[in-house]
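> Spelled out, the chains give:
Number of protein chains: 4
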Amino acid sequence: MCGIVGIVGKSPVNQSIYDALTVLQHRGQDAAGIVTTDNGRLYLRKDNGLVRDVFHTRHMRRLTGNTGIGHVRYPTAGSSTSAEAQPLYVNSPYGITLAHNGNLTNSDQLKEELFSTDRRHLNTNSDSEVLLNVLAHELQLKDKNQLSPDDIFDAVGNVFKRCKGAYAAVALINGHGLLCFRDPHGIRPAVYGKRETENGIEYMVASESVALDALGYELIDDIGAGHAVFISDDGTLHEKQCFENSELTPCIFEHVYLARPDSMIDNVSVYKARLRMGEKLAEKILREWPDHDIDVVIPIPDTSLTSAVQLAHELNVKMRHGFIKNRYIGRTFIMPGQQMRKKSVRQKLNAIELEFRDKNVLLVDDSIVRGTTSEQIIEMAREAGAKKVYFASAAPPVRYPNVYGIDMPAASELVAHGRTEEEVGQVIGADKMIYLDIEGMVEAVREGNPSIKHFDLSVFTGEYITGDIDSNYLDRLQQLRNDSAKKSKDTEEVEDAAMVMDLHNQ
Amino acid sequence: MCGIVGIVGKSPVNQSIYDALTVLQHRGQDAAGIVTTDNGRLYLRKDNGLVRDVFHTRHMRRLTGNTGIGHVRYPTAGSSTSAEAQPLYVNSPYGITLAHNGNLTNSDQLKEELFSTDRRHLNTNSDSEVLLNVLAHELQLKDKNQLSPDDIFDAVGNVFKRCKGAYAAVALINGHGLLCFRDPHGIRPAVYGKRETENGIEYMVASESVALDALGYELIDDIGAGHAVFISDDGTLHEKQCFENSELTPCIFEHVYLARPDSMIDNVSVYKARLRMGEKLAEKILREWPDHDIDVVIPIPDTSLTSAVQLAHELNVKMRHGFIKNRYIGRTFIMPGQQMRKKSVRQKLNAIELEFRDKNVLLVDDSIVRGTTSEQIIEMAREAGAKKVYFASAAPPVRYPNVYGIDMPAASELVAHGRTEEEVGQVIGADKMIYLDIEGMVEAVREGNPSIKHFDLSVFTGEYITGDIDSNYLDRLQQLRNDSAKKSKDTEEVEDAAMVMDLHNQ
Amino acid sequence: MCGIVGIVGKSPVNQSIYDALTVLQHRGQDAAGIVTTDNGRLYLRKDNGLVRDVFHTRHMRRLTGNTGIGHVRYPTAGSSTSAEAQPLYVNSPYGITLAHNGNLTNSDQLKEELFSTDRRHLNTNSDSEVLLNVLAHELQLKDKNQLSPDDIFDAVGNVFKRCKGAYAAVALINGHGLLCFRDPHGIRPAVYGKRETENGIEYMVASESVALDALGYELIDDIGAGHAVFISDDGTLHEKQCFENSELTPCIFEHVYLARPDSMIDNVSVYKARLRMGEKLAEKILREWPDHDIDVVIPIPDTSLTSAVQLAHELNVKMRHGFIKNRYIGRTFIMPGQQMRKKSVRQKLNAIELEFRDKNVLLVDDSIVRGTTSEQIIEMAREAGAKKVYFASAAPPVRYPNVYGIDMPAASELVAHGRTEEEVGQVIGADKMIYLDIEGMVEAVREGNPSIKHFDLSVFTGEYITGDIDSNYLDRLQQLRNDSAKKSKDTEEVEDAAMVMDLHNQ
Amino acid sequence: MCGIVGIVGKSPVNQSIYDALTVLQHRGQDAAGIVTTDNGRLYLRKDNGLVRDVFHTRHMRRLTGNTGIGHVRYPTAGSSTSAEAQPLYVNSPYGITLAHNGNLTNSDQLKEELFSTDRRHLNTNSDSEVLLNVLAHELQLKDKNQLSPDDIFDAVGNVFKRCKGAYAAVALINGHGLLCFRDPHGIRPAVYGKRETENGIEYMVASESVALDALGYELIDDIGAGHAVFISDDGTLHEKQCFENSELTPCIFEHVYLARPDSMIDNVSVYKARLRMGEKLAEKILREWPDHDIDVVIPIPDTSLTSAVQLAHELNVKMRHGFIKNRYIGRTFIMPGQQMRKKSVRQKLNAIELEFRDKNVLLVDDSIVRGTTSEQIIEMAREAGAKKVYFASAAPPVRYPNVYGIDMPAASELVAHGRTEEEVGQVIGADKMIYLDIEGMVEAVREGNPSIKHFDLSVFTGEYITGDIDSNYLDRLQQLRNDSAKKSKDTEEVEDAAMVMDLHNQ
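Chains as they are written, first to last, in the numbering used here: chain A, 41 to 546; chain B, 41 to 546; chain C, 41 to 546; chain D, 41 to 546.
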């Protein structure tokens, strides 16, 4: 998962893009980057780290110009090194920089094509480099010095045809303008908005609407599936549906966990969707366990707060903040001759004994992935004196890997993979295990926007909307994730973003 | 406000102290430091920044040894530069390092004495350097190569006589052991605990019990007012009351805002104290405003969560997390030729419209200091569609400066200074303003430990428990705070912790 | 002036390229960079600073592979920022990195062409980026996945036709091999050599033969004017004359000052050339001033040492090292409210009084550019007690700017511009001024290789061998140098190589 | 070996001390530090590295004040880590910082005393910390708030009695002034001088007179053996002989190799002393080998240049700069799985074949220590075509370790230890080996100042002037050097000056 932002302003945009990236920081804390354009020259700063650590005054001073794009990154599947920060760059044609959120599922084939047909060298494993070069190639084929918006939309249409998977991308085409597009299934989110200023109208695109809110931009709309928005250098907004048979099937996990609650995604309030998930979960409990003996509902901070408060309300049970989250987490250092010690959940969460002692507690989490944290939390609840510990997940069982840009473990590491809900409860040690069902989750979201027919539900159902994911793909993915995990351990001390970065700017 | 920690372990303590500091990070995000002792040699690492930024693997490797102390700092009154990280050091006698939390109110006089009588040079404005040198001088007067615990306690007794104000301090006396003491009023908190390991018993002292919890230590007790604990190098715990007429009058603001809710301070659960504050506040509302028309209670994250949930419960009104907090806040850069722009609250908080639209909302904060943030938040609530916006503070009006180590503005900047509650409400734009009263707050805390007769309530009452604060002192303080504010603006880019640090290690 | 190196080895080349760059460090102390290729992936590290400061262990570990190129840079005319370190990169076609020494005199026109015809974006003012993109474009026109050596040489031939000026360049063409070529006049030097190892023959190219010596490579030959050498990935050496009417007219200033004395350039030993310059100078003195009263010859360290020792020998006068050079020069800092103070020559040189007191001294320098240093040195000699101070330059008067890659001031700043030799002597305060004449200098060099018909003598004669330099060009150059000087003062603290670098790697 | 400097000025001294340190950089390239005092506050910056790398603008801006001291360091015997940069600091009494050049030979005993009697903790292995604490203790015993110059000189007298070995030290006593003293044998050099300015007279002390020259100070005198100079805060110079039976026995190696030729040490011009060494060496050759067949004299740069030019002159043989020195030496990196490769002399020196081919060459070096470099150089000479290679050392055989602050290897690693001159010649592969004899060397120096009765000649004779060096001491030293060599290998990557530094500032 990543966050993207782009602004075509009427005054310097460096601070605005920086601010937008901090608002989107929850979408990726691994790396951050900004490119601006000023007088035909591009200025870039990117590095591993949080936004506040990557940009210093000296960098901001160089990021001149009224147009720019930015990116925060969470490592996605297949990225073997942690040094491939975005935006990325190619100088031919025009000079193009691009940042994207998502994952191309046919990047191996595209790499092959880029090499053999287009003779474009790729210097990273990043599928963003693939996407950038496919776009560059399609623009180059237009064979013009100055492209019209239609030329550009036409090229985006060809990108849509060639690139499978999930991608919401923002690109600066030097001498032309800022382009933003969303894949034909609209799996990853993107919105655009505007702000009127003394000097004229400014436009902004971003992964989530909160970034627009924070900067005082007014949301115009989501960028549709297979749709593109282009703001030319003169400040004019152009937009076009670039893929014929596109159908919006957005990733439902944005609502479950990824997005900020105060965002609107595809016209659905994430906050309301989560309230409804709590509601549906309450209904299910009351339906299936009418004589429950729950004394108190305790959310596991932070994401589940919204659904838990509604769940408690519907159950007519008290909700209490029984777990305190430590917001400052440090590293575990490997000393010479020592083994890596596992950071216990205890340093991230602490239980308020008062709220557990002699009570039947219902712990609520937004979802369960590996299950190891859930297990430790249940143990903490028991140590704090709980009589019974019930566990509710505001999402259905996560049983399959994600291939659309969310960094999830391989199937074999998912606690619900190949297990019934009850079995999961046993593994994590709950006295009772309650999952929201798929229908409930889908309804909870769709109520916000009934026009959305389908969602990407692949992590729950194993059905991949792009139709190109077979067991070979998933096996390779599992292999990659294992290899990259191993490699990252080996190279930790050796890596140097400043170095690798250079050559990634193609 | 600062956080301190010390461990006498049976195996290397670097990671443990680091972990404890991250747990105490809420007490100070400005600077961090660790000293360990190994084979008669001291190892120090400190710098400005968060714990996770200050310590890298190469530092941790050098921090060898089974005994050490640590510190996180929030700049306190009178500290003119931001570069005086702790622990501090003197080499004579024995080699002593010290870190402390609090503020000496007679440091000017002590500096004078140290200079003219003890001929000890102070190279910073930090009162920690004063405290360290007073301790060093008192130990030196013993004129012995090897001090007994009683010698040390005797010296601490003299420190108590000489040093006015608030201080909870931890010190490493080379060749002797680890010392921790709390001023005769016990204003700032300190606890100690132990952990049994294969290699023997380990002892730990810390500002708050959460640090002990996180590391698996068992709380033995608070360190009493005028009390000292000394763990000698052989691992034996000694303790002694070193001041005769001490009376515990702890700072009540720890319960209001400073401490983590999951801490026990002077045998009072901070969480429970806050629940009770919410309760008392509800009682006051029901008493004074029985026909209130509050539709929903909305806490301003994060501290007020605990009291707000209880307040809502007692009022029998829904509580909703209507504000979303952005956890990643960036800087505002000053570009050449630009003025500093104020970071709006809007980038820190975002309102969920659903919870405000057409409702009478009661916003709850833990306390109100300057009032400027409250004002902006009320405005946000109105923009989100609230009909009426009521504002409750879970603490009484803050009207006087703090001189015991909490970084609060001068009296003139406190919104409640010289204003009635109603007037404050008008200033911040609330339709109604409700403050918890002093009695309610005191009861809420004392209920947890009725043996506490008095609290330091100075920010609410203007009565300073140490008896040495007159208007001259407060005037000078106000001046200092203004000067230091100005100076820090001037020197921001020039400062260099690594540099100044060197000479502070005396 | 810059230094380039390239190696196609049979084992990792990072250390070898690093070592070669330190040997070539005298050609540029401003920035350094290395690219290696390993398994189709390129690895780059470059930054401002000396070789020993730019490369740390963590960088070297990433620079894997048996083939690579390197660069040390001295800022050349027209480079307005100091951050454009080399090698530079384009990803299309193939992935090409290039480093070069020299200066393109028609880069403005080429930029125009690259933009309008080739649609290649240039993101710096560096003519290296121009050269790289011209080469990339010419290779792209071949429209093949795998180029033959002849394809490559053909493209180089087209580069020769398009690019005017001086350039010795080394390039890595990914999937193909290492290419090195020298402009049709052979103005800047380049050599190639080989080394036999257990694993096969390794090839190396470099600006000067000393780099080959230091690494144990055997010099094969200079790369001729308009000639190219290509070592394909399989380790085979190919070479070809790629420009028909090329004529070697090497820059004679390499022999005067730039090159290391222990280098062979175009089959001429620089050391011997300098000895002969001393000889010719002695002949001139004996011829024109037979009754000279010189007591001692004192070289101004370091370059003039070689000619001075021979000059003294021929004059039959003692030579003494009367000036001691301080090898560690620091900066002059600008403190707030202070003016920049000029670093006096006195901190770079110190006179041994003994060798000056009551003597007629002949100071010898390799050449005179601005004359300000000479003036101060003469003053120092007088203060050290010299009776008479004569000044000899082992090169003729420097009267015109350099446009072929040597960083020399504009004409107006050259002390000999528009002045007779005698007038120069008066300006710098010498009792007598002696310059080697042009014929003498040319003979001194040509004696080593009589087949060289002409040299680039432009700084002495104002005649530019490439035929494209008119007064417009020189005026623009003067303007640029003034602007860039001003700008660099303004931006000194703001610049950040790591940042700009990124986008320069096209 | 180290360099020290101190200035009591009438305007800010930061730039002046910085400049002086660059002039003294040849005395130590390992670490650098400056302390200034301003308004009773001390400001320190120190770190490992060259002067130009240690001090940035932000540091210089903090180094305010008109008085300060500085230090450049070469690691001396017994210093096990490379992180103990100077000046060092103690806060009691007064606040004292000190930097020194030399080595205490009884530091183990002094450490014991400081610990058991004075209760002063030492946190490093540095004997500078010992010296500082002895001085601090002696000043403390005066038991006064304000010391008179005589009090201070009296304390220095006691330091002289307690501290054996070689030391030239500079110290800032806060609130008092700047103190400089030289051990009772005057083994290491120190000078003082003055400069008249508009604002009054400024004083400066330094290791060598070149530092005074470079800053425009006029040399007053050497600081005598057992002598001290104190410039009080009011700018008055005081001086006193503080040790009764002191006798100047300066280290003759300063003249052989350490000092800059343009320095005056104890009234002897180093340059002239070296000229005379060349003369004496010529006399010895003519005496012992009248029919020599030397064709050319070739100095090994840089130190031997001065003696070689005179040697050649007296032999009536040509001198030629046949070796070119590479002034930019890089590191050899250890790649994973690789062994450390030895950097060959070939990367530091290159032979000009012309000067060797078919000639009998006399190579001249200032001295021979391990002999390994000499051996490689002789081999290079042969490869360059020399018929015969003779080798001359302008100093006698170095056979014993140095205990007075010069970083020399243990006896067992000295090629001349236990070998005759002829045997040394065989080991290094010379066709003939010529050493200057001890008498010649002593005469060469003493001629400059006949009043110097004795020199420290210990590395040549094994007789240690301080009378306290026995075989136990030397054995321990050898052990230490081996251990420290080993340790430094282990910890290379781990060390962090910024960290250890802190605690060394006592």
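No wet-lab data here; the hints were simulated from the structure.
Take these hints with a grain of salt, some might be off.
One copy or any two copies: either way a pair holds, since identical chains are not told apart in the list.
[Claimed, not checked] Pairs of lysine to any residue residues, derived as SDA-like cross-links and limited to a Cα-Cα distance of at most 20 Å, are as follows:
| hint | residue 1 | residue 2 |
| --- | --- | --- |
| 1 | Lys182 | Asp158 |
| 2 | Lys151 | Gln180 |
| 3 | Lys151 | Arg81 |
| 4 | Lys151 | Lys184 |
| 5 | Lys358 | Val482 |
| 6 | Lys324 | Gln518 |
| 7 | Lys365 | Lys388 |
| 8 | Lys365 | Asp342 |
| 9 | Lys151 | Gly105 |
| 10 | Lys493 | Gly469 |
| 11 | Lys472 | Gln149 |
| 12 | Lys358 | Asn400 |
| 13 | Lys234 | Ser511 |
| 14 | Lys151 | Gly215 |
| 15 | Lys428 | Asp398 |
> Regarding Lys365 and Lys388, is the shortest C-alpha distance of 20 Å or less found within a copy, between copies, in both, or in neither?
both (6 Å within a copy, 19 Å between copies)
> First find the shortest C-alpha distance between Lys234 and Ser511 inside one copy, then the shortest across copies, and answer within, between, both or neither for a cut-off of 20 Å.
neither (44 Å within a copy, 51 Å between copies)
> With 20 Å as the alpha-carbon cut-off, assign the pair Lys358 and Val482 to within, between, both or neither.
Cα proximity of Lys358 and Val482: none, with 27 Å in one copy and 26 Å across.
> Treating 20 Å as the Cα threshold, decide for Lys472 and Gln149: within, between, both or neither.
The answer is neither: 46 Å in one copy and 65 Å across copies each exceed 20 Å.
> With identical chains, the pair Lys151 and Gly215 could be close in the same copy or across copies; at 20 Å between alpha carbons, which is it: within, between, both, or neither?
Cα proximity of Lys151 and Gly215: across copies only (15 Å, versus 27 Å in one copy).
> First find the shortest C-alpha distance between Lys151 and Arg81 inside one copy, then the shortest across copies, and answer within, between, both or neither for a cut-off of 20 Å.
between (28 Å within a copy, 13 Å between copies)
> Under a CA distance limit of 20 Å, which applies to Lys151 and Gly105: within one copy, between copies, both, or neither?
Neither: 33 Å inside a chain and 22 Å across chains, both beyond 20 Å.
> Please work out whether the CA atoms of Lys365 and Asp342 approach to 20 Å or closer within one copy, between two copies, in both situations, or in neither?
So Lys365 and Asp342 pass the 20 Å test inside a copy (8 Å) and across (11 Å) alike.
> With identical chains, the pair Lys493 and Gly469 could be close in the same copy or across copies; at 20 Å between alpha carbons, which is it: within, between, both, or neither?
Answer is neither: 37 Å inside a copy and 45 Å across each miss the 20 Å cutoff.
> Under a CA distance limit of 20 Å, which applies to Lys428 and Asp398: within one copy, between copies, both, or neither?
within (8 Å within a copy, 40 Å between copies)
> First find the shortest C-alpha distance between Lys182 and Asp158 inside one copy, then the shortest across copies, and answer within, between, both or neither for a cut-off of 20 Å.
both (14 Å within a copy, 13 Å between copies)
> If the cut is 20 Å between Cα atoms, do Lys151 and Gln180 qualify within a copy, between copies, both or neither?
both (17 Å within a copy, 18 Å between copies)
Hint compliance for this structure: hints 5, 6, 9, 10, 11, 13 are not met, and every other hint is.
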